[in-house]
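Given only the sequences and the hints, what does the whole structure look like? Please build it.
There are 2 protein chains.
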Amino acid sequence: MNKDGFVLHGAVAYCKDKDTLITYEDAYVVCVEGICRGVFETLPEEYAGLPCEDLWDKLIIPGLIDLHVHASQFQLRGNGMDMELLEWLNHYIFPEEAKYSDLEYAERAYDLFVEDLYVGGTTRAVVFATIDPDATLGLMDMLEDTGLITYVGKVNMDRNAPDYYIETTEESLELTRNWLDAAAESEYRNTRPILTPRFTPTCSRELLKGLGAIVKEYDVPVQSHLSENLGEIESVKKLEPDTAFYAESYEKAGLLDQNRRCIMAHCVWSPDAEVELLKKYGVFIAHSPDSNTNLGSGVAPVSRYLELGLHVGLASDVSGGSTASMFAAMRAAVQASKLRWRLYDEKVLPLSFVNAFYLATKGGGAFFGKVGSFEDGYEFDAIVIDDEPLRSMREEETIAERTERLAYLADDRHVVGKYVAGRKLF
Amino acid sequence: MNKDGFVLHGAVAYCKDKDTLITYEDAYVVCVEGICRGVFETLPEEYAGLPCEDLWDKLIIPGLIDLHVHASQFQLRGNGMDMELLEWLNHYIFPEEAKYSDLEYAERAYDLFVEDLYVGGTTRAVVFATIDPDATLGLMDMLEDTGLITYVGKVNMDRNAPDYYIETTEESLELTRNWLDAAAESEYRNTRPILTPRFTPTCSRELLKGLGAIVKEYDVPVQSHLSENLGEIESVKKLEPDTAFYAESYEKAGLLDQNRRCIMAHCVWSPDAEVELLKKYGVFIAHSPDSNTNLGSGVAPVSRYLELGLHVGLASDVSGGSTASMFAAMRAAVQASKLRWRLYDEKVLPLSFVNAFYLATKGGGAFFGKVGSFEDGYEFDAIVIDDEPLRSMREEETIAERTERLAYLADDRHVVGKYVAGRKLF
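Protein chains in written order, with my numbering: chain A, 1 to 426; chain B, 1 to 426.
These are computed hints drawn from the structure, not numbers from a lab. Where is the CB? At the ideal position from N, CA and C, for every residue including glycine. One should not assume that every hint holds.
To give an idea of the interface, some chain B residues facing chain A are shown, with a C-beta separation under 7 Å as derived from the structure [to be verified]:
1. ASN79
2. TYR188
3. GLY296
4. GLY298
5. SER322
6. LEU343
7. TYR344
8. GLU388
9. SER392
10. GLU404
Right, here's the structure in full:
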């Protein structure tokens with residue numbers, strides 16, 4: 001890290017808002033004390049003394065933000081994709097997650113996840129671990145060392161789960177407190193805990209209420225799943241008969257709170273009243289198009305959510321999503337929205353590429369504060385892309401076209417530089 | 001090429017039929033004079049003298065077959081994906097294809113396409129070039145040299161196209177004959193010509209009829225587009241008022257012929273009568289899920305086509321499809337079918353991974369003869385996959401799971417060996 005600052009010089013693209021991509025053929029992106037001071041076609045006098053890295057025509061874009069990813073499912077990427085959610089959880093996911101109580105397995109498996117996250121385009125992520133608190137702390141230690149900024153959650157579940165992968169309510173709450181205390185002692189700089197009730201089908205009201213109390217006591221954010229799959233929604237109706245819709249099960253437990261941030265993954269089938277509740281509490285929706293497609297769940301009406309002014313970010317949702325690549329997540333978001341529009345509801349417009357790029361940067365970045373843009377005052381998260389192997393021979397090719405192509409063709413090979421909050425990772 | 005034969009020893013997967021994946025943890029695949037003689041857990045005595053390449057636990061699968069790809073659109077991969085078909089053609093595609101009359105541009109651009117095809121998982125492809133016969137011959141020369149087996153078509157179009165990229169009817173027919181004569185003189189071993197009227201909107205009845213005569217005269221197969229997009233179908237209804245449905249415009253011109261093979265790309269919105277006609281003539285449907293999604297066209301009911309016994313293969317359809325990777329095409333096929341099922345018509349079941357693998361191998365391979373399987377008597381097309389970087393730590397991981405994962409995560413990095421009709425390319 002350069003405490004004073006530095007300048008990156010190259011081609012630049014970032015989103016100002018959901019419909020506006022700002023591009024430069026040749027510009028300077030300035031970082032001072034971890035904060036972006038803007039993009040300039042001519043470097044202002046006041047920054048002339050800063051070290052400048054000349055990246056020629058490489059592309060500089062904001063770091064990508066993964067708002068929902070299961071580290072403990074990384075070993076199952078691209079498998080079991082012929083099943084729907086509840087069958088897939090029981091057949092593949094619970095047996096796999098249970099293995100992480102073996103800390104040796106957890107260390108080896110998490111190491112593969114962390115390495116993949118490190119080399120790709122993601123600079124920040126919000127992560128599910130497993131119910132095991134020690135394995136979760138181990139994952140947090142590993143992520144801390146990468147310099148990536150992450151939230152990590154020990155999972156809670158006390159019902160409708162197999163004997164070999166379940167907690168009692170008391171145990172779940174006690175382990176959660178101990179885990180939060182241990183995380184606080186570690187004095188992480190890059191890694192923060194987030195409360196992680198798996199979802200209402202596997203969390204009793206008592207557990208959720210206990211977690212609601214912990215949210216206030218420890219001042220931590222919350223993540224969970226919401227209205228992903230029709231079978232899941234039916235099960236919540238039966239399990240929680242006093243709720244008008246799924247999100248009320250979280251609200252009644254005090255888990256939605258205007259003062260503390262909350263992420264709900266999916267929201268594919270949220271009824272209007274639920275959407276209103278999400279807006280009221282400022283909940284972030286983690287849109288997971290690859291996962292929602294793979295598990296046959298459906299497609300969230302994201303352009304409508306954006307029009308309504310909800311917070312929406314993008315997520316890989318490994319391993320419902322088959323890759324942790326946020327380039328692929330952008331592609332998936334655009335593609336799923338087109339099929340939803342063509343096959344299901346032409347009133348909800350498809351996402352443009354710019355919409356998807358916004359979701360993967362500024363949209364999800366807002367969960368972390370002023371993150372995901374190169375506007376003045378934003379934390380300096382950037383990735384440098386060498387897209388030469390993807391370039392077209394077309395002389396008229398624009399920076400916007402090069403940026404769009406990343407969603408369809410880029411992978412970790414093309415990420416040649418990464419900065420998080422002003423610190424250079426590579 | 002080893003004229004006598006050779007043996008590959010490793011993990012093996014191939015499809016016997018659309019629902020059956022045959023897998024071996026450790027087996028021998030035998031090639032004798034270009035023909036596969038089957039897969040054996042113990043090498044039969046009669047093949048014991050053949051040279052055997054030990055691939056350890058690498059995965060040996062049939063080469064992938066791309067039934068529809070536009071070489072001349074390769075420079076536009078991943079661009080313009082916010083447009084529908086007809087707008088995209090006019091804005092992006094026609095101006096790009098017109099550049100190929102500059103043979104210097106054509107050579108450089110086709111070289112990039114050919115290189116990409118060579119290093120990936122594809123062993124055979126059916127290719128659209130442009131209206132320029134010389135550039136098309138240049139592409140054929142390049143493809144010939146790779147050892148890949150391909151059909152390549154000079155495109156025909158005499159109406160509804162811009163001034164700078166159109167032929168007169170007479171010119172189109174004459175250039176086509178000249179091109180076929182020149183291709184015959186080249187005595188290609190791996191590369192064959194295929195008649196390529198772009199599609200009815202840009203081909204007059206007179207042109208199509210002229211091509212129908214050439215089909216019989218030269219005994220060549222045919223490829224075109226059919227029922228891809230609702231706007232396109234509307235335009236055909238207006239242009240060809242004497243047809244009950246789109247495919248009749250090809251049938252009336254004599255382009256559908258039981259004795260000669262025909263590929264129709266897309267068939268997303270084919271009415272029942274059209275489907276019957278395709279069955280009657282044994283037409284191959286080139287299913288292009290990535291393209292049909294990107295251009296907002298829709299999703300073909302592939303599992304229904306398979307049940308009806310139609311010929312269906314898989315296609316990248318670059319650059320409607322954004323990648324020439326047939327691994328990605330398998331993923332796209334499964335994903336698009338799930339959203340079609342969930343959002344549009346639950347009576348047409350999603351494609352399983354095995355269905356998609358069948359389409360990408362034996363399904364499309366049938367266009368080339370006995371191709372796409374390791375059964376006794378099939379031409380020996382194989383690729384060797386080093387999926388070590390994708391492997392899971394799960395001890396219980398099966399060959400079927402490793403094969404499924406390729407659709408979601410493999411790229412050219414993982415293709416470490418390629419054989420076409422018994423010849424080793426690398």
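Do the hints match the structure? See the list:
no. : hint   : result
1   : ASN79  : 5 Å, holds
2   : TYR188 : 26 Å, violated
3   : GLY296 : 5 Å, holds
4   : GLY298 : 5 Å, holds
5   : SER322 : 4 Å, holds
6   : LEU343 : 4 Å, holds
7   : TYR344 : 4 Å, holds
8   : GLU388 : 12 Å, violated
9   : SER392 : 4 Å, holds
10  : GLU404 : 6 Å, holds
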